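Knowing the structure of chain A, use the given hints to seat chain B on it.
2 protein chains.
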Amino acid sequence: MELGRKVERVQKVFKEAKKKFNPPREERMIKVELPEDEIPTSWYNIQADLHKCGMKLPFPTGPGMANLPLIFPPSLLSQELTKDRWVKIPEELMEIYRIWRPTPLYRCKRLEEYLKTPARIYCKSEYVSPPGSHKPNTAVAQAYFNMKDGFEGVTTETGAGQWGSGLCFGAALVGIKCDVFMVRVSYYQKPGRRVMMESWGGRVVPSPSAPPERIYEDMVTETAKKALAEDPNHPGSLGWAISEAIEHALKKPYPLNYSLGSVLNHVLMHQTIVGLEAYKQYELIDEYPDIIFGCTGGGSNHCGQAFPFIKDKLDGKKPDLRIVACEALSCPRLTRPKYIGYDTGDTIGYTPHIWMHSLGCDFVPAKIHAGGLRYHGMAPLLCVLIYSGYHEAQAFPQTEIFEAGRILSMTEGFLTAPETCHCWTGAIREARRCAETGEEKVIHVADSGHGWVDVRGYDEYLKGKLEVLL
Amino acid sequence: MELGRKVERVQKVFKEAKKKFNPPREERMIKVELPEDEIPTSWYNIQADLHKCGMKLPFPTGPGMANLPLIFPPSLLSQELTKDRWVKIPEELMEIYRIWRPTPLYRCKRLEEYLKTPARIYCKSEYVSPPGSHKPNTAVAQAYFNMKDGFEGVTTETGAGQWGSGLCFGAALVGIKCDVFMVRVSYYQKPGRRVMMESWGGRVVPSPSAPPERIYEDMVTETAKKALAEDPNHPGSLGWAISEAIEHALKKPYPLNYSLGSVLNHVLMHQTIVGLEAYKQYELIDEYPDIIFGCTGGGSNHCGQAFPFIKDKLDGKKPDLRIVACEALSCPRLTRPKYIGYDTGDTIGYTPHIWMHSLGCDFVPAKIHAGGLRYHGMAPLLCVLIYSGYHEAQAFPQTEIFEAGRILSMTEGFLTAPETCHCWTGAIREARRCAETGEEKVIHVADSGHGWVDVRGYDEYLKGKLEVLL
Numbered sequence: 058m059e060l061g062r063k064v065e066r067v068q069k070v071f072k073e074a075k076k077k078f079n080p081p082r083e084e085r086m087i088k089v090e091l092p093e094d095e096i097p098t099s100w101y102n103i104q105a106d107l108h109k110c111g112m113k114l115p116f117p118t119g120p121g122m123a124n125l126p127l128i129f130p131p132s133l134l135s136q137e138l139t140k141d142r143w144v145k146i147p148e149e150l151m152e153i154y155r156i157w158r159p160t161p162l163y164r165c166k167r168l169e170e171y172l173k174t175p176a177r178i179y180c181k182s183e184y185v186s187p188p189g190s191h192k193p194n195t196a197v198a199q200a201y202f203n204m205k206d207g208f209e210g211v212t213t214e215t216g217a218g219q220w221g222s223g224l225c226f227g228a229a230l231v232g233i234k235c236d237v238f239m240v241r242v243s244y245y246q247k248p249g250r251r252v253m254m255e256s257w258g259g260r261v262v263p264s265p266s267a268p269p270e271r272i273y274e275d276m277v278t279e280t281a282k283k284a285l286a287e288d289p290n291h292p293g294s295l296g297w298a299i300s301e302a303i304e305h306a307l308k309k310p311y312p313l314n315y316s317l318g319s320v321l322n323h324v325l326m327h328q329t330i331v332g333l334e335a336y337k338q339y340e341l342i343d344e345y346p347d348i349i350f351g352c353t354g355g356g357s358n359h360c361g362q363a364f365p366f367i368k369d370k371l372d373g374k375k376p377d378l379r380i381v382a383c384e385a386l387s388c389p390r391l392t393r394p395k396y397i398g399y400d401t402g403d404t405i406g407y408t409p410h411i412w413m414h415s416l417g418c419d420f421v422p423a424k425i426h427a428g429g430l431r432y433h434g435m436a437p438l439l440c441v442l443i444y445s446g447y448h449e450a451q452a453f454p455q456t457e458i459f460e461a462g463r464i465l466s467m468t469e470g471f472l473t474a475p476e477t478c479h480c481w482t483g484a485i486r487e488a489r490r491c492a493e494t495g496e497e498k499v500i501h502v503a504d505s506g507h508g509w510v511d512v513r514g515y516d517e518y519l520k521g522k523l524e525v526l527l
Numbered sequence: 058m059e060l061g062r063k064v065e066r067v068q069k070v071f072k073e074a075k076k077k078f079n080p081p082r083e084e085r086m087i088k089v090e091l092p093e094d095e096i097p098t099s100w101y102n103i104q105a106d107l108h109k110c111g112m113k114l115p116f117p118t119g120p121g122m123a124n125l126p127l128i129f130p131p132s133l134l135s136q137e138l139t140k141d142r143w144v145k146i147p148e149e150l151m152e153i154y155r156i157w158r159p160t161p162l163y164r165c166k167r168l169e170e171y172l173k174t175p176a177r178i179y180c181k182s183e184y185v186s187p188p189g190s191h192k193p194n195t196a197v198a199q200a201y202f203n204m205k206d207g208f209e210g211v212t213t214e215t216g217a218g219q220w221g222s223g224l225c226f227g228a229a230l231v232g233i234k235c236d237v238f239m240v241r242v243s244y245y246q247k248p249g250r251r252v253m254m255e256s257w258g259g260r261v262v263p264s265p266s267a268p269p270e271r272i273y274e275d276m277v278t279e280t281a282k283k284a285l286a287e288d289p290n291h292p293g294s295l296g297w298a299i300s301e302a303i304e305h306a307l308k309k310p311y312p313l314n315y316s317l318g319s320v321l322n323h324v325l326m327h328q329t330i331v332g333l334e335a336y337k338q339y340e341l342i343d344e345y346p347d348i349i350f351g352c353t354g355g356g357s358n359h360c361g362q363a364f365p366f367i368k369d370k371l372d373g374k375k376p377d378l379r380i381v382a383c384e385a386l387s388c389p390r391l392t393r394p395k396y397i398g399y400d401t402g403d404t405i406g407y408t409p410h411i412w413m414h415s416l417g418c419d420f421v422p423a424k425i426h427a428g429g430l431r432y433h434g435m436a437p438l439l440c441v442l443i444y445s446g447y448h449e450a451q452a453f454p455q456t457e458i459f460e461a462g463r464i465l466s467m468t469e470g471f472l473t474a475p476e477t478c479h480c481w482t483g484a485i486r487e488a489r490r491c492a493e494t495g496e497e498k499v500i501h502v503a504d505s506g507h508g509w510v511d512v513r514g515y516d517e518y519l520k521g522k523l524e525v526l527l
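These protein sequence lines map, in sequence, to chains A and B. Throughout, the working numbering is defined as the position within the first sequence, counted from one, plus 57. Throughout, the working numbering is defined as the position within the second sequence, counted from one, plus 57.
So that you can see chain A by itself, here it is in the shape it has in the complex:
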């Protein structure tokens, strides 16, 4: 039959399900799904509403500014700066989103029972994407706009490998190349992550490295030479790897640009597809979160989920809404920043100076397992919201976050990434508070990814050998 009728049939089943409705059955509703054509078709750009918090977004500055047009395609630069509230998602990109979107909004009844809480805990599960995290939401978008603007590839850095995997995945689906500089220690400690990226067509090299270790001649950089001159066995760091990737994009051995997995305005905007979907899902069941928890490395997961709700708060519709950025106690940029002001993002200084809560670009965070939360700075958009008091932040110790992960695996069966465990920790604390006060709060968790490839922390936790890192 024609495709139109097929869809009609799908709708009919959902209609008939309604007829069969009886209350005890519906009590059991666990997942709120959206039909495929309810995926949001525009991203939400909070820059249009940010002034309502009483502050303007400080503009980036410094010599790195001159590099921006050289390492980003025009379409993404324009998204970085636009004040348009809604930015249309091109249909070709929607096609790709449909591979894993919409993702379910999941009610964690088993966890609630375990915590004996009257609170209702929901999570938005981004782990169902093929690379297992929220990263593809911006990765496919960045790859797509690079392709549309005529570029043949993207390059980036990666630490634990979530972002590198996401970008290689995105590049593969769009049909462009992806060159990844992977922090040297991770490259050797996590061969699985490297192979994932290579399976999606990526070229992955340890950072820093030189021939013969660096097998792609056109990926050799001056940055790596500097790092290796400092220390021939340099373990690498995210700061160095960013510098390498930017140098690679500036050199352009073929037409390629740099891609960043978080921090920047356009990256956060791409991630709002998650929050916009969740917003619709809550509307469907006539709920609204009282408090939202998201873990924050550079801010993209958390802001992507939270911005569509923060809009209501900025508009004065939901003054009591609480939104909590969750970070590691050992890397407390938001809860105990060294300073709030301009700082650079990389080691060499290729990036502009951006205004943010920072621990200083020379800060060396403790080696916690949540590698994705070990960045010294934070997305400026989030920093403005925190600074203006529209947004809270909490920090959690490593032992408690693995305890939260363990509770989650034993109740709901989700084996969650150490980064993501931070927001679960916040949610569990809050749910326990509700158990004491009797409040029936709606708690939302931005569940950004699974932890299958990063289980070493769980191992140490279960063996009682986890280092207490504050």
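These are calculated hints, taken from the structure and not from any lab test. If you're wondering where the values come from, they're calculated on a predicted model, not measured in any experiment. Keep in mind that the hints are not guaranteed to be accurate.
Identical chains blur together in the list; that is why a pair holds if it fits in one copy or across any two.
[To be verified] Computed cross-link-like contacts, BS3-like style, restricted to lysine-lysine with a CA-CA straight-line distance of at most 25 Å: (1) Lys-205 <-> Lys-173; (2) Lys-374 <-> Lys-140; (3) Lys-375 <-> Lys-113; (4) Lys-166 <-> Lys-205; (5) Lys-234 <-> Lys-173; (6) Lys-309 <-> Lys-205; (7) Lys-88 <-> Lys-337.
Chain B alone, transformed into the frame defined by chain A:
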């Protein structure tokens, strides 16, 4: 608002989506979702219809028979033997299924385009379950019935770790213990898999092993002593590990039973929830598969997907339906069996003799990466269907299956388990055939799981170092 109304709202959105319908938009339908309460509530038991193929299922025999009531709970034994066509899924178990079910039926348009085929390729994605494969469908059921029958734990063997992970997950959600004997080489080669199992509360030991390596005193077995007497550095095998787990279940240091992840009738029956869902999803879009591909280790993934469709063939409704079991060329039980008849499943001989296509229980398969397909025998229910000609089998070489995996990761973005790549290989061959003949066949793939934890094979393939194993 009350829960009933919430559901009404969900249905309404799906209804309204219909109103917005216009043909070009619906062309883009990629996933066929089912509403939550359309999850099948009974399993399909093919034993009720098997006689229609002209053969009876040969009954198991031998001394191992006496062990069955000692290592399986009454409810599962009864499911193993029942001739009832439909077996009701208890509501408490449905609650658990809802954590990840229904899974999407996904139309692989990007793959079709790449293959330039007029065929329509659909896959049923079981990778979205929290442990990442189809295994939880039977794991939670087995754990549940053990719990209901008053047992406090289950024990099993695992090779690559998919089944062990699934069972630990199931046991955690049901609230019982899980003891796993993991083939010794895998235990040390795949610490990640072990930690996953431990995160779900499992006790995992290398098989064979003795104190001090075996830290749980009540898991020490005579079987392990025998194996270690043969070779103090015994690498272990699935056959030895099965014997260990059965001995552990027979000894019952606490009330526990043995669980098997495939081969047995009740295991295949639990997996039919996958095929029954797919059947409904095809009905919704008025499609029906012309040919079904599933990879077969012990047969549970493939049969779970195929049995609800084979029913139509047995009933004479779909005489032309082709169903293809996909196996490794290096372990060709179905395509080149050593013999068809009675054989045991383990090394010591604790299991009954079962009638099957076998390479002989002393067969040592080549060390292909698809560890899950390295079993010497096959589910008797599947063997009867093959023997009677209702069912086909094809075998594929290791290089071709990784090529299929690579095509898949570059087109649809799925990074698929080496085992699962076998059915994709069959599907891709068929789709290419359709490209030549112009046939618009509907090809169904039983996509049983992802390959994130088992990427070593991809690494060798991409480096051109993959061993050609026939």
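Check: When the hints from earlier in the document are held up against this structure, which numbers fail?
Finding: Those not satisfied: there are none.
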